[in-house]
Every structure is written in structure tokens, then in C-alpha cells.
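**Q** With chain V fixed as given, assemble chain L onto it according to the hints.
2 protein chains.
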Amino acid sequence: MEIRKIAGGVTAPKGFSAASCAAGIKYQGRPDMAMIRSSVPCAVAGTFTSNLVKAAPVRWDMQIVKEKQVAQAVVVNAGIANAATGATGMELCRKTAEFTGEALHIPADSVLLGSTGVIGPNLPLDRITAGVAAMAETLSDSPEAGTAASRAIMTTDTVNKEFAAEFELPAADGNGTVTVRVGGMSKGSGMIHPNMCTMLGYLTTDCAVDPSLLQELLSEVVPDTFNMISVDGDTSTNDTLLLLANGLAGNRPVTEKGPGYDLLKEAVFGICRDLAVRMAGDGEGATRLMEMRVTHADTKEHARILARSVIASSLVKAMVFGRDANCGRILCALGYAGAPFDPDTVDVYLLGDKDTVCFCKAGCVLPFDEEKALELLSGKEVRFSCDLHMGAEEAVAWGCDLTYDYVKINGDYRS
Amino acid sequence: MEIRKIAGGVTAPKGFSAASCAAGIKYQGRPDMAMIRSSVPCAVAGTFTSNLVKAAPVRWDMQIVKEKQVAQAVVVNAGIANAATGATGMELCRKTAEFTGEALHIPADSVLLGSTGVIGPNLPLDRITAGVAAMAETLSDSPEAGTAASRAIMTTDTVNKEFAAEFELPAADGNGTVTVRVGGMSKGSGMIHPNMCTMLGYLTTDCAVDPSLLQELLSEVVPDTFNMISVDGDTSTNDTLLLLANGLAGNRPVTEKGPGYDLLKEAVFGICRDLAVRMAGDGEGATRLMEMRVTHADTKEHARILARSVIASSLVKAMVFGRDANCGRILCALGYAGAPFDPDTVDVYLLGDKDTVCFCKAGCVLPFDEEKALELLSGKEVRFSCDLHMGAEEAVAWGCDLTYDYVKINGDYRS
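Residue numbers (the working numbering), protein chains in the order written: chain V, 1 to 415; chain L, 1 to 415.
Looking at chain V on its own, in the form it has when it is part of the complex (with noise of 0.2 Å):
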């Protein structure tokens, strides 16, 4: 049993469907609302970022997840991120819910919202309640309604991100088994240093699943996924990832750790890590995307942090938009990540598919192949390893180049 790559994205397990439409929120002449439906209630299970300004959709959407695990669809907004709003913004959140629950004939609570823009102004309730009214005539469970939906929630994207797969599981009826699929959508291309989860990502699943299982293995998949990239090191308040199950696949529902769980738990993390990278190479400004590897760590943790470390460094960021194998910048940002590690035994590499030039051994920063290493820093990905000496463990992170358009983006960004 194996995990397939499929094409689609939200609505390619069965159940779901989405919509979009231009609403004018702040952006204008391109869609800027998204929806997402189960034809039944799902099962649900959700990370939040850990900035303690939590933006109004995000303390709704806690709400939900962490009371009730039952939820049955999502409405999105960019252009305006909801955050820094106080009591009105808690108040646009209840009324957007509650018309959003009329028009789909289910409750207020089982919708759950998600902004992503500028803080601190005020959405306009009138226009998001047409937004939503219209999505409401236009959900539908193709592959063009989920590519819509995906591409409708960017802000300074220049990609729309999805990705879908599928597996087998034991029917339900115990006659063989049947198709189970995962899809997701996210979008996030500064502000990108997520903390507990991405700027906004939704997942979708017809498996059968216990909630609190589902909880668990989303818990599992975001560190070394969403949690691994950083565009320009700043935790976003609004950032969300939600997963929601409909069960309809028809599969024995998971309701234990197993070979069902764990190739769940595969699939999601598949299309979490596809998102990720996708999103740390679409970051502002990005001409490049950039992989940081941390092998023989003493700790998966310790890995963790000195890989994000390199990624995050403005020094490595400005170097990898250069080409200039200035790899000294490396051993500096491992050194202040704040994880422990021996500066005389490491080795840094750059990685090509078919050949590696070695920067620097057992501390020691060496001469090194300069053509070759220009050679790799001028492709689309570029990808960094160190090799520790101290253990078994190992982590990977991704990030982007800091180029001069990331700072003529964010320069001007409201206007």
C-alpha cells in the first residue's frame, strides 16, 4: 500500500466542494473570497500561530476546534487580515458565521473563517455577506472550484498553491478496500515564519477518522513541515491550518495508532510538505528556493533548530541571491541558533544533483570548486547540508533568497 500523488486539490476527496468570487474587499477585479463545504459534517483539527496578537478569525476558528471538533466549512477572505480589530472584529467573525450558516442551511458553529491581509482595518461586513451569498449559488466539487478557491486566497503569491493524494484502505464493510484521498490548499509568501503552523492552510479528507486521532497527527506533521520554512523570520497573527475529515471515502474508520493511521498520517504530510516548499519558494521577492539539511544531529529538535537558523539568516538569504558562496555565513548562523553542537567537527556541504561541493570540514572553512559552486547557486533550488558527527537525528528546513523586490514589496505593501 502506497501513497499516489493525484492532481486537484480541496475538492478531490469525496464530499467537497468550493467556490470563490471577486467581492472587493480591498483588492480589485481578481477574486479575494474562497469557501469550502462537506456535504456532511467533518471531523476537524486545527494548529494556530503562536503570535499572541491572534487575529479575530483565528480565536473563532480555536474555538471551534478546541469545544466542538465538528465543523462543516470554511470562509476566506484576503486583502484584510481581521487582526488588531478588538470586540468589532470578534463581532464581523459571529455575524459572518451565522450568514454563512443560514445560506448553507447548517449551524453558525460548524463555520469556521479565515482573513489574510493588512491588520488592523475593519472588514466590511456587507460586502463579505454578498461574497458569501454568491459562493453559496457556485460550490462545486470539481477540479476547477478547488484551483479557483486556492488561487482566490493569495495575497502577494505569485503561484497558487494545492496538491492532493491518495491511498487504499480496509472498506468499511469489510469487502477489500476502497480509495481514500487528502487535498489541501494554502497560501503565504511574507510574514512567513510559522510557529505552530502556516499562514492559512486548509486540508481536506474523506478518510474516516477519529477527531482526536486527526488532532494528533496534525500535531505530528506540522513541525516538520509548515513549521520548517521561514520567508523573512516574522510569525504572522492570523496563521492557520485546519484539517477536516467527512468520512465518506467508506473506509473502517481509523480509530487507533496502526498501518491506517500511519498512512494517513503519510499522505498528509506529503501534501503539508509540498505546500511548505512551495510557499518558501513563492516567499516575497523569491528568485530562488533555498533547502537547509542538518544531518547526525544529537536531537530531531536540536536538528530543527540550526537548520531553521541558516534558512532565516538575512546574511545567507542576500548570499544565495548573489550566488556568492560566501559559506562562512553558514557556520555563523549555526553557531547562534541556540542548539548545541561541536564547531570543530562540522562539515558543510553544497549540494548538486549529481556533484557536492564541501565548504567547510571539521570546522575548517576549505578552498572549494568556485565555478562548480557557482554553478549550483545559479539553479532554482539550492540546497544546503551539515553533517554534525553527533548523533542519528536529522532536519530539514526551506526558505527563499532576500532579494531587492522583497524589500520594494513590503516597502509599499498597503498602497
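Simulated from the structure, these hints should not be mistaken for lab results. All of these numbers come straight from a predicted model, not from anything done at the bench. Glycine included, each C-beta is placed from N, C-alpha and C at the ideal position. A couple of the hints might just be wrong.
To be verified - Selected chain V positions facing chain L (Cβ under 8 Å, derived; list incomplete):
{"hint": "1", "residue": "V53"}
{"hint": "2", "residue": "A83"}
{"hint": "3", "residue": "L139"}
{"hint": "4", "residue": "T255"}
{"hint": "5", "residue": "G328"}
{"hint": "6", "residue": "C364"}
Unchecked claim - Listed below are the simulated EDC-like cross-link pairs for lysine to aspartate or glutamate, each with C-alpha atoms no more than 16 Å apart in a straight line:
{"hint": "7", "chain 1": "L", "residue 1": "K300", "chain 2": "L", "residue 2": "D353"}
{"hint": "8", "chain 1": "L", "residue 1": "K408", "chain 2": "V", "residue 2": "D405"}
{"hint": "9", "chain 1": "L", "residue 1": "K26", "chain 2": "L", "residue 2": "D126"}
{"hint": "10", "chain 1": "L", "residue 1": "K408", "chain 2": "V", "residue 2": "E216"}
{"hint": "11", "chain 1": "V", "residue 1": "K408", "chain 2": "L", "residue 2": "D405"}
{"hint": "12", "chain 1": "V", "residue 1": "K408", "chain 2": "L", "residue 2": "D324"}
Stated by the list, open to error - Listed next, the stretches of chain L that the computed footprint assigns to chain V, with coverage defined by at least 3 CB atoms under 8 Å from CB atoms of chain V:
{"hint": "13", "region": "119-130"}
{"hint": "14", "region": "246-255"}
{"hint": "15", "region": "292-306"}
**A** For chain L alone, coordinates are given in the frame of chain V:
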């Protein structure tokens, strides 16, 4: 009794002379080595980088500061950091100190060393020793010699940094008071996110003071001066701050905490703060100095953490470059800082000399005077503050904007 700012730098206190030369270590046609010498042995205190990857001269200095607490000269080079150079780098330190000791007729282990520049390459010993020989012949206690030394240690700095101050202390012979002086110079523009100290900073004083008190004083001053600035979040491998006290002012020695200790500390604090602010404003590519003041925090350390988080945020830095009053980014950076506060009670301000713009009250972003905000964001110094309404502690951090030139400088640093 009060502190008076005076002209000059490291040669302002009695008995200190300086020299510089163009040794051609990496830069050509400009001074790249500096020397400071005291006519008599000094008590010495120091703080060093917390980066696990410590440059060879950092390791050399740490041993002298910790084990001997006595030194008489400092030799510094710009261009090559002598970091990640293993045993070869340490051997080079030993040889440089031995050569300097012979040239100045002092013990080799009273020679402190400092290097700044590219990580990885080995220093050319012949050019270093030729530079030391030349400088030993040209030492001078003139203000010009101090200024020239502060210029010689610059890398991507655009202005040199030196300050001096004086105050009165009771004379050692009981007859009235004597004038005590403190001087300092520092360099640093990129890879600036000091943790325990700054890039390279050298302080001199003719105050007679107990060596153990000297280290305590320096350790008390650093957390609110050099540790409160950030240019790019990268803590260097070479950060070093040294304070040499030769006792030649003729004051009654400061041997315990009290009025004398307090005056010396205030003078050292003022010079460290001025050097730190100058470094922040001269960050690589910077067009503006940025200041963040956190008031009414519950603890001093929380205030520091919150202020530093705002200063280090790429999004806040880019917004200051673009003069965009996207104040939600300040709230966001406070929220992920890792120090506790109530997001529903925080106020955020943009401060001018006469006017103040309130961005955010009780956690909600407010409408504000955009024209006035643009005016205040257009100055050479941009000052933010926030009021946490929690306690009585406050802290100030300094940084700079994130510009195209930062990316340009660091995308192509080695060549």
C-alpha cells in the same frame, strides 16, 4: 558631579596612544589595521559573542580577560575575520601577539587581538607583522591617531564611530579632585545582532579601578547598549568589546560600588550607547535610524525582548524604508517576541519632536493622521514606542531600515 562629553576617542584618556596602517590584508589603498597601546599595564574587562562558532582572536582574548585580567595593547585588522580557521588561526594569533609583544616590549599575553571581515580565509602573517612593525613606530596619543584607528577598523561602515567623556573623582592624594576620562571606538555595519557584545568595540579609561569591578561594570552596561541594537539578526562569530583601564588619572582607586563606580559606569554607559546607536544608524544600506521604546513592562528583560523584536523585524524595517505607516507590523512583531503582555491593552505610537501619532489604542489599530505619519517617517530618525500598561520597566532598542542596498551589499560581499 556630572559627565561631560568631549572630543576624541580611545586616545582621550591619559597614557593611551594609537596607530593605524594600510597593511593590504584584503582591502587595497586604505588603512586596515589599528593598534592601541597603554604606557602602563591595564586592568581589562571584556564581553564576547555568544555564537558557538568563535573566531580565533575571540578565543585568544577570552583567555586573557578571564585568566589574567591584565593587558597593555590591542591589535585589530579589517578584511578577514580569522574565523573557522581551526588550529592555523590560533597559531596565527599566538605569532601576532609574540611579534607585537617584542615590538612594544611587553609580554605576548598582554596583547589583545581583534579581526573582522570574511569568515574562512587565513590571515597573511607577513603582512600582519609588517603592519604591527609599522604601527609600533608611529604610535601617538593625539586625537588624530585615535580617529585614524577608528577608521582603519571599518569594513562596510560608512562613518567611523568614536566618543569620549570626562568627569571628576576624588584625587588619590586627598587634594581635591582629578579629571577621569573614558574613550571608545567601534565598528560594525552588517552581521550585527549582538548577544553579549557588539562586533568590535574598544574602550579606554585612565580611571584607577579594581579589575573585578571593571568586568562587573561592563557586564551591566552591555545589555542596554550594544545588546539592544540589530541590523540583520545575525550574531557574528567575532563580536568583541574590551575595556582597558590604566589608572593614570590619579584618582582614589574605585574599589567598591558607590558614587565613583556610578560615575564611571554612567560615562561608560553613555559612550557605549552612543557607539551602539551610531552603529545601528550606519547599518549596511541603511537610510534611517529606527528606535523602539517599550514602556510600562512588567520586567526589564521583557521590555528588552519586545523592543528588540520590533527592531529586528524585516517587515517593520522594510516599512520604515518605504515610509509606510503599516503599524500592524509593530503589533505583530511584539506578539511573536516571546515575552508576555496583554494584546488587548497595548498602545503604539510614532514619536516626533513635537507631535505624536497614536497608531493603536488598547490593541486596536485606529484611524490616524496619515500626512503627519508620513512626515515623521521621512526623518533621518524614526522613533516608535509602545505602552504595555503592566508595570514600571522600560527598554529602548535601535536598528535601521531594510533597503535595496542591504541586499546589494550582502549579495556580493566577498568580491
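**Q** State for each hint whether it applies.
**A** A quick look at each hint next to the structure:
Interface restraint check: V/V53 against chain L, minimum CB-CB distance 3 Å, threshold 8 Å, status holds. Evaluation of the V/A83 hint against chain L yields a held restraint, the C-beta minimum of about 6 Å falling below 8 Å. The criterion of a C-beta within 8 Å of any C-beta in chain L is not met by V/L139, whose closest approach is roughly 32 Å, and the hint is violated. This hint is violated: V/T255 has a C-beta 37 Å from the nearest C-beta of chain L, more than the 8 Å allowed.
Using the Cβ-Cβ criterion of 8 Å, the hint placing V/G328 at the interface with chain L is satisfied: the shortest such distance is roughly 2 Å. Using the Cβ-Cβ criterion of 8 Å, the hint placing V/C364 at the interface with chain L is satisfied: the shortest such distance is roughly 4 Å. Among the hinted pairs, L/K300 with L/D353 is inconsistent with the structure: their alpha-carbon atoms are about 26 Å apart, more than 16 Å. Between L/K408 and V/D405 the CA atoms are separated by roughly 12 Å; this keeps the pair inside 16 Å, and the hint holds.
Between L/K26 and L/D126 the alpha-carbon distance is near 13 Å, which keeps this suggested pair within the 16 Å criterion. Proximity of L/K408 to V/E216 is assessed by CA-CA distance (about 45 Å); at most 16 Å being required, the pair is judged violated. A threshold of 16 Å between alpha carbons decides the hint, and for V/K408 with L/D405 the separation of about 12 Å falls inside it, so the pair holds. With a C-alpha separation of about 11 Å, the suggested pairing of V/K408 with L/D324 holds against the 16 Å cut-off.
Proximity of the region 119-130 of chain L to chain V, defined as three or more residues with a beta carbon under 8 Å from a beta carbon of that chain, is established by the 3 residues found. Beta-carbon proximity to chain V at under 8 Å applies to 0 residues in the region 246-255 of chain L; the threshold of 3 is not reached and the given coverage is violated. Counting residues of the region 292-306 of chain L whose CB lies closer than 8 Å to any CB of chain V gives 0, so the stated coverage by that chain is violated, three being the minimum.
The structure fails to meet hints 3, 4, 7, 10, 14 and 15 from the earlier list, while all remaining hints are met.
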